[in-house]
Amino acid sequence: MTVPGGQRRGLVLLAPAVALTTMVTTAAVGSVLLTSVGLLPLFGPATASLQGFQAAAPDLRVASRESLLIATASTAVALVVGLTTALLLLRLAPRRRWVGAPLAAVLPVPHLVGAAAMGLLLSGGGMLSRVFGVEQSAWPELVGGPWPVAVVAEFAWKESAFVAVVVLASTSAALPDLSDAARMLGAGARQRLLRVTLPLAAPAAAAASLIVFLYTLGSYEVAWLLGRAYPEPLPVMAYRLYTSIDLAARPQAAATAVTAIGLSVIAAAATLPLIRRLGAAR
Amino acid sequence: MSGDLRLESVGFRYPHRDRDALDAVTLGVAPAHLLAVVGPSGSGKSTLLRVVAGLLRPDRGEVRLGDRSLLEVAPERRGISMMFQKPLLFPHLDVLDNVAFADRAAGLPRARARAAARGYLDVVHLADLARSRPRELSGGQEQRVALARALAARPQVLLLDEPFSALDPELRATMHALLDEVRAAFAPTTVMVTHDLAEAAMADTVAVLDEGRVVQHADIDTLYRRPASITVARLLGGFSELVGTPVEGGYDCSLGFVPAPSPRVGEPAVVLVRQELAEVIDEHDPHAAASGLVVGSTRAGTRQVAKVELDPTPHSGPTASVLVELPPGVPAPVGRRVGVRVTGTLVHVPSLSAGREARADVDRSGEGAVDGALVRDRQ
Amino acid sequence: MSTRRAALGQALAAVPLVVWFALPLAPIVLWAVAAQWAWPAVLPQRWGLTGWREAGAAGLPSAMARSTLLGLAVACLATPLGAMAGRALGWRLTRHSGAASLVLLAPIAIPPFAVATGLDTLVLRARLPGSLAVVLVLSVFALPYTTYILRAAHTATDPDLELQARMLGAAPRYVLRSITIPVLRPALVTAAAMAFLVGWSDYVVTLVLGGGRLVTAPMLLASSASGTGNEPLVAAISVASILPLLAVVAGGVLVRRGRRAGRREVPA
Numbered sequence: 001m002t003v004p005g006g007q008r009r010g011l012v013l014l015a016p017a018v019a020l021t022t023m024v025t026t027a028a029v030g031s032v033l034l035t036s037v038g039l040l041p042l043f044g045p046a047t048a049s050l051q052g053f054q055a056a057a058p059d060l061r062v063a064s065r066e067s068l069l070i071a072t073a074s075t076a077v078a079l080v081v082g083l084t085t086a087l088l089l090l091r092l093a094p095r096r097r098w099v100g101a102p103l104a105a106v107l108p109v110p111h112l113v114g115a116a117a118m119g120l121l122l123s124g125g126g127m128l129s130r131v132f133g134v135e136q137s138a139w140p141e142l143v144g145g146p147w148p149v150a151v152v153a154e155f156a157w158k159e160s161a162f163v164a165v166v167v168l169a170s171t172s173a174a175l176p177d178l179s180d181a182a183r184m185l186g187a188g189a190r191q192r193l194l195r196v197t198l199p200l201a202a203p204a205a206a207a208a209s210l211i212v213f214l215y216t217l218g219s220y221e222v223a224w225l226l227g228r229a230y231p232e233p234l235p236v237m238a239y240r241l242y243t244s245i246d247l248a249a250r251p252q253a254a255a256t257a258v259t260a261i262g263l264s265v266i267a268a269a270a271t272l273p274l275i276r277r278l279g280a281a282r
Numbered sequence: 001m002s003g004d005l006r007l008e009s010v011g012f013r014y015p016h017r018d019r020d021a022l023d024a025v026t027l028g029v030a031p032a033h034l035l036a037v038v039g040p041s042g043s044g045k046s047t048l049l050r051v052v053a054g055l056l057r058p059d060r061g062e063v064r065l066g067d068r069s070l071l072e073v074a075p076e077r078r079g080i081s082m083m084f085q086k087p088l089l090f091p092h093l094d095v096l097d098n099v100a101f102a103d104r105a106a107g108l109p110r111a112r113a114r115a116a117a118r119g120y121l122d123v124v125h126l127a128d129l130a131r132s133r134p135r136e137l138s139g140g141q142e143q144r145v146a147l148a149r150a151l152a153a154r155p156q157v158l159l160l161d162e163p164f165s166a167l168d169p170e171l172r173a174t175m176h177a178l179l180d181e182v183r184a185a186f187a188p189t190t191v192m193v194t195h196d197l198a199e200a201a202m203a204d205t206v207a208v209l210d211e212g213r214v215v216q217h218a219d220i221d222t223l224y225r226r227p228a229s230i231t232v233a234r235l236l237g238g239f240s241e242l243v244g245t246p247v248e249g250g251y252d253c254s255l256g257f258v259p260a261p262s263p264r265v266g267e268p269a270v271v272l273v274r275q276e277l278a279e280v281i282d283e284h285d286p287h288a289a290a291s292g293l294v295v296g297s298t299r300a301g302t303r304q305v306a307k308v309e310l311d312p313t314p315h316s317g318p319t320a321s322v323l324v325e326l327p328p329g330v331p332a333p334v335g336r337r338v339g340v341r342v343t344g345t346l347v348h349v350p351s352l353s354a355g356r357e358a359r360a361d362v363d364r365s366g367e368g369a370v371d372g373a374l375v376r377d378r379q
Numbered sequence: 001m002s003t004r005r006a007a008l009g010q011a012l013a014a015v016p017l018v019v020w021f022a023l024p025l026a027p028i029v030l031w032a033v034a035a036q037w038a039w040p041a042v043l044p045q046r047w048g049l050t051g052w053r054e055a056g057a058a059g060l061p062s063a064m065a066r067s068t069l070l071g072l073a074v075a076c077l078a079t080p081l082g083a084m085a086g087r088a089l090g091w092r093l094t095r096h097s098g099a100a101s102l103v104l105l106a107p108i109a110i111p112p113f114a115v116a117t118g119l120d121t122l123v124l125r126a127r128l129p130g131s132l133a134v135v136l137v138l139s140v141f142a143l144p145y146t147t148y149i150l151r152a153a154h155t156a157t158d159p160d161l162e163l164q165a166r167m168l169g170a171a172p173r174y175v176l177r178s179i180t181i182p183v184l185r186p187a188l189v190t191a192a193a194m195a196f197l198v199g200w201s202d203y204v205v206t207l208v209l210g211g212g213r214l215v216t217a218p219m220l221l222a223s224s225a226s227g228t229g230n231e232p233l234v235a236a237i238s239v240a241s242i243l244p245l246l247a248v249v250a251g252g253v254l255v256r257r258g259r260r261a262g263r264r265e266v267p268a
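Protein chains in written order, with the working numbering: chain U, 1 to 282; chain W, 1 to 379; chain H, 1 to 268.
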């Protein structure tokens with residue numbers, strides 16, 4: 001029942017959050033857009049041009065590919081590991097719930113710390129190479145190598161914990177009853193997994209995956225610390241251009257940012273209907 | 001703890017609606033009295049309570065407690081406490097702290113408030129649950145705590161919004177008994193919205209709302225004997241409705257001729273028959289007003305109520321049926337033809353102006369009495 | 001019999017998962033207490049607190065203090081704003097829930113580096129203090145989480161509870177103190193913790209908008225980690241960045257377990 005006067009109260013309550021978000025995002029996105037087309041130069045007249053995009057174009061293509069590669073690989077691994085972890089924890093007897101403790105330990109770790117940890121683990125001379133007794137020269141270039149292995153590993157590691165927690169939170173309440181009902185209808189363990197548990201977990205898993213994809217697409221510090229100079233993903237390229245001594249690189253930096261925003265928005269817009277449909281199917 | 005509550009011509013409309021939720025509502029509740037408010041869904045019962053509570057501000061009219069107007073007074077300062085359909089116990093407080101809430105809100109120290117609360121918890125016979133949490137209680141226990149909590153606010157007026165409708169019948173009966181005890185002990189002025197006519201029968205007076213207007217305000221017996229409109233009759237249940245064609249000196253219906261003082265030519269009326277005032281006799285009995293076929297029956301406690309489909313008469317129009325309450329233990333002769341005898345009827349005439357109804361009260365004993373005006377609240 | 005096999009299967013499956021989550025933390029924990037750990041040793045050759053001494057010299061305590069303040073500032077801004085928005089959305093107080101939700105969730109689709117570089121010159125021209133800009137931007141990135149958490153909490157809470165409180169004589173401010181906040185407390189704490197984490201962990205926004213003067217723990221970590229041979233220092237800063245948060249999480253779990261045990265002892 002809508003409380004009379006509730007409409008206005010609702011708008012008043014929403015106003016501060018909406019105002020702050022709108023101001024910050026429109027100012028930022030607007031500034032980036034205008035800079036990329038030369039309409040917000042640091043000095044000199046504002047002249048519309050696609051110089052920024054054109055100059056950056058070849059690198060933009062490579063960087064976009066790298067970003068998408070990192071995001072896709074990280075999301076895929078995080079989803080698989082996170083979902084598996086959640087499913088395992090859901091089936092564990094309460095006695096063994098301590099298995100979830102490492103999960104809780106990973107969640108509050110900042111990504112930069114995770115990147116540092118991965119560096120110490122995966123680099124030549126790092127802990128893993130010592131455990132396997134492989135010499136530095138023989139150890140594959142996981143950190144700063146041609147493929148962004150360490151970068152993807154860090155994202156997959158941290159975000160698998162995130163996916164697991166999100167899926168657990170959304171399914172643990174309803175699962176016991178639904179599972180019992182399915183059992184009473186003659187469904188075996190595998191059927192329950194496929195027809196009850198997974199569909200129940202699907203909306204949360206999909207939403208979490210989208211969040212992971214968008215985050216890894218736009219993250220700066222992990223690729224900066226664990227990646228190599230070329231190919232670089234979009235955020236690293238943008239920052240490099242932004243802090244370049246050549247001030248003409250500003251529009252290119254902005255163009256890179258616009259590309260990253262564009263890719264994120266497209267990914268979000270493409271995935272949201274699917275998520276909504278999954279949620280509605282329940 | 002008893003206030004004198006009055007509503008004067010209260011009007012209210014929810015925003016973006018095209019009809020008033022309350023229209024010219026005038027009601028009075030004397031100190032320590034219990035007023036039951038009944039009516040079909042959407043009639044404005046809950047709106048009425050919320051206006052009295054101060055949760056809604058009326059567009060027109062006046063709400064008074066004693067001699068002061070409540071219109072500008074915030075809900076928490078009116079001396080009015082309200083109990084809702086859901087118990088709404090505060091989940092983070094134990095039972096005793098729940099009951100003590102009003103005192104704490106008034107600034108009393110916790111220990112004193114809890115001590116006073118124990119007394120109210122005793123009244124509802126739940127003293128041993130003082131330290132329990134709301135989630136550990138059953139539905140009936142929750143409502144009892146809610147009642148104790150509302151009383152502990154020591155209100156001048158107690159508002160109850162269908163507080164027992166979610167309980168099963170046995171529990172409801174327990175709560176009715178409890179309410180009687182509470183009224184005997186504290187005598188609060190109470191307004192209770194209810195769907196349950198047994199609950200309404202507990203009240204001193206009953207107000208019937210329909211489409212935002214008070215259609216009748218009287219004690220329950222008067223309501224049954226002289227419902228002011230068809231809506232009231234339908235709400236109470238147990239009335240049969242027959243079409244009455246105006247003829248010289250009265251109306252003709254399937255049960256024969258009903259004398260009435262001023263039948264309006266050309267205006268059909270509705271003849272209402274109480275099921276207790278009809279009886280089933282032999283088909284060929286000369287006292288039978290009409291005869292027909294028993295087509296079905298329903299139960300009302302130990303009695304059966306037979307539905308008799310009456311034989312068509314020239315003035316009755318399409319099939320008419322009448323409900324007849326049988327004596328206790330007598331089974332309904334379903335499928336048999338019977339005669340029907342009636343000891344009292346009411347005639348309602350829809351008037352030309354805006355749905356108001358005149359009544360013709362007719363006694364078979366010939367004493368007919370006519371009252372053409374709507375019964376207003378007893379002021 | 002099959003349950004025994006299932007239990008064994010679960011135990012076997014659990015091991016790699018525990019390793020997956022715990023393993024990356026091992027090197028920083030070990031390096032944080034290592035005075036010497038040369039290749040190819042699997043465990044440190046000499047234990048010691050070299051890293052912590054270096055971290056102290058590099059300014060870790062003040063960096064952590066700044067990180068804490070930043071986290072608190074973001075929590076103090078994003079939690080009440082998210083709570084109000086969550087109330088309006090969770091209780092469906094307005095017809096514009098859909099549009100508002102979209103706006104409040106939008107920052108998830110905008111990379112922080114883009115926002116930071118986009119706002120940088122504007123902030124400078126407006127002469128806004130860098131730290132203020134950082135707090136505002138990070139709050140916007142924390143809002144989707146705080147709003148979501150509090151919207152869920154409000155959906156699970158009956159709005160009539162507050163109505164009932166007023167109908168027992170409680171003034172609006174007392175209702176806030178005695179009903180609203182206590183009932184929502186778990187969600188408020190979780191939301192504040194998430195917002196704090198956003199502020200505590202951030203790197204790129206602090207880097208760009210902080211003007212280089214806002215040296216938080218991540219900034220310190222970045223400058224150490226990008227060099228070579230700094231393993232103990234990097235490890236010490238890393239552990240320092242995780243320990244407080246872990247303590248809070250562990251404390252929260254213990255408190256909840258203690259409360260649950262305490263409740264069982266109350267006689268029915």
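Derived from the structure by calculation, the hints contain no laboratory data. Glycine is no exception: its CB is placed at the ideal position from the N, C-alpha and C atoms. Careful: at least some of the hints might be erroneous.
Partner residues aside, some chain H positions facing chain U, computed with beta carbon under 10 Å [what the hints assert, rightly or not]: (1) G118; (2) S131; (3) V204; (4) S241.
Some, not all, of what chain U presents toward chain H, calculated at C-beta under 7 Å [claimed, not checked]: (5) P16; (6) R130; (7) V131; (8) V134; (9) Q191; (10) R195; (11) S264.
Okay, the hints, checked on the actual structure:
no. : hint : result
1   : G118 : 4 Å, holds
2   : S131 : 15 Å, violated
3   : V204 : 4 Å, holds
4   : S241 : 5 Å, holds
5   : P16  : 5 Å, holds
6   : R130 : 5 Å, holds
7   : V131 : 6 Å, holds
8   : V134 : 9 Å, violated
9   : Q191 : 15 Å, violated
10  : R195 : 18 Å, violated
11  : S264 : 5 Å, holds
Checked against the numbered hints above, the structure violates hints 2, 8, 9 and 10; every other hint is satisfied.
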